[in-house]
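Just so you know, the protein sequences line up as chains A and B, in that order.
Take 74 as the starting number for the first sequence in the working numbering and just add one per residue.
Take 3 as the starting number for the second sequence in the working numbering and just add one per residue.
It cannot be assumed that every hint is accurate.
[What the hints assert, rightly or not] Here are the computed lysine-lysine pairs in the DSS-like style, where the Cα-Cα straight-line distance is at most 25 Å: (1) B:K57 - B:K189; (2) B:K305 - B:K92; (3) A:K216 - B:K57; (4) A:K219 - B:K57; (5) B:K189 - A:K125.
Think of the hints as simulated: they come from the structure by calculation, not from any bench.
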Amino acid sequence: MEPKEIFEKVTEKFGGKAVELQEEGFRPAFVVVSPESVREIALFLRDDPALKFDSLMCLSGVDYKDRFAVTYHLHSLSVGHQIGVKTYLPREAPSLPSVDMVWPAANFQEREAFDLYGIVFEGSWDLRRILLPEDWEGHPLRKDYKYPEFYNGIKV
Amino acid sequence: MKARAEALPTQEMLINMGPQHPSTHGVLRVILRTDGEVVVNARPDVGYLHRALEKIGERVTYAQYMPFTDRLDYLAAMNCNAAWAWTVEKLAGIEVPERAEYIRVIVSELNRIASHLIAFGSFTADMGAFTPFLYAIRERERINDLFEDICGNRLTYNYVRIGGVSADLPDRFLEKTKEFLDYFEPKVPEYNNLISYNKIFVHRLANVAAVTPEDAVGYGLTGPNLRGSGVPFDLRKNEPYSVYPEFDFDVCVGTGERGTLGDCFDRYMVRINEMKESVRIVRQAIEQIPEGPVMAKVPRMFKPPVGEVYFRAENPRGETGIYLISDGTVNPYRLKIRAPSFVTMGIFEKITKGLMIADVVAVIGSFDIILPEIDR
């Protein structure tokens with residue numbers, strides 16, 4: 074199914090919660106949705122018989138300097154089409170619902186985004202730091218991250 | 003009898019398996035909660051090799067990032083090199099000369115054989131049979147020799163470039179590769195006679211940690227791990243890139259031939275069979291490779307257009323996806339590597355529940371994870 078048709082299907086069902094379609098320069102194209110409706114839209118994308126996005130390829134946090142974003146790259150093994158879903162978050166206290174009940178593959182990648190960007194995924198079954206030590210301060214992939222001089226009293 | 007059982011203390015034990023443990027294929031720590039020999043819960047703890055490769059990517063140019071991709075999956079560095087090049091070329095719309103694409107496919111498939119040989123060898127060594135490891139290393143050595151002829155390196159090749167490859171194939175390379183394939187092809191049945199259908203080996207693997215096709219898709223397993231669960235999905239066939247549509251090969255899937263569909267034995271067998279398919283691809287590529295240049299014209303100050311792209315390639319350990327955001331400058335704005343082993347570890351806690359401790363080793367080996375790629 075073409076990105077345009079998918080976007081129309083989502084807007085038909087969720088109205089204003091699907092904000093826009095980013096097509097020019099984006100491969101795959103992104104359906105931009107509002108953060109609080111991520112989980113219901115994810116469920117719809119997975120369960121709708123014409124869409125059937127059963128596989129979450131990649132979940133990623135992004136820092137666009139003025140705001141954060143979380144992107145989901147979806148693929149359907151049975152239908153064979155792809156789409157991206159993107160949601161923008163404010164820089165202050167970014168949080169959105171977790172989708173690990175929709176695609177279990179999301180859990181590890183949500184933990185990664187939490188670890189490196191400080192984005193909180195509400196309702197996640199296990200949200201802890203994954204790559205960095207648990208006592209690490211700050212979130213290194215943020216564009217305004219300051220490199221620490223000391224870690225546990227040791228100069229880095 | 004009853005009284006004696008009550009006298010025995012049966013408390014759960016917490017055991018650290020790793021980070022330094024021979025069977026974890028690197029620095030992986032598994033926190034085991036055990037009841038006797040039975041695993042109640044096995045929680046993987048990753049991140050010991052974190053080198054911030056994604057953050058580094060935001061500070062170097064597109065071409066400078068190539069050597070870092072070698073350090074992702076060091077057993078399949080050619081595949082990682084090529085995946086990075088394909089991603090940037092997709093973003094910038096660079097046309098690559100056909101000869102370069104054929105060379106990339108030849109080296110990728112040779113590297114896939116080498117990687118599967120290590121998977122096969124170290125897995126059997128984990129299971130207590132050390133001899134097959136020596137057989138596997140012997141064959142892999144010849145592939146390393148071939149790569150040394152190409153680029154001078156034996157592990158981290160840094161051979162592929164954005165727009166082509168760094169140098170054309172050396173003299174007699176194709177003949178030497180053909181000689182290797184003639185030598186290697188009969189070895190695969192030899193491995194099967196040596197170990198694959200050995201009764202003890204089969205008993206260690208069959209019916210252990212079976213992953214259903216639904217779980218495999220839901221948890222994001224890819225590559226041989228997904229196909230081991232009977233899902234016939236291969237990016238080279240289903241989402242063809244480069245010159246893969248030119249070649250005739252089969253997608254190997256698990257069939258549950260010795261036990262349940264998707265068990266450790268199925269995943270192991272998929273890798274063994276895939277080596278034969280890779281041989282077929284390389285043979286066809288050698289027949290069809292055209293003459294011509296091996297490098298497209300790419301400006302020295304390379305600035306791709308503004309945009310976002312997600313590209314995925316079928317690497318030996320599954321789908322290596324790269325999500326790349328360009329803001330039109332010489333450095334990537336954001337670079338996310340979706341490493342197959344990282345996502346695969348997500349299912350680990352679920353399928354190891356109730357297994358014996360020795361089976362946890364079988365699960366790690368059958369998933370063929372590699373730690374530098376998990377930790378990045």
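Structure-based check of all given hints:
1. B:K57 - B:K189: violated, 43 Å
2. B:K305 - B:K92: With a Cα-Cα distance of about 13 Å, the restraint between B:K305 and B:K92 holds, given a limit of 25 Å.
3. A:K216 - B:K57: holds, 10 Å
4. A:K219 - B:K57: Cα-Cα ~13 Å, so holds.
5. B:K189 - A:K125: Status violated; Cα separation ~42 Å.
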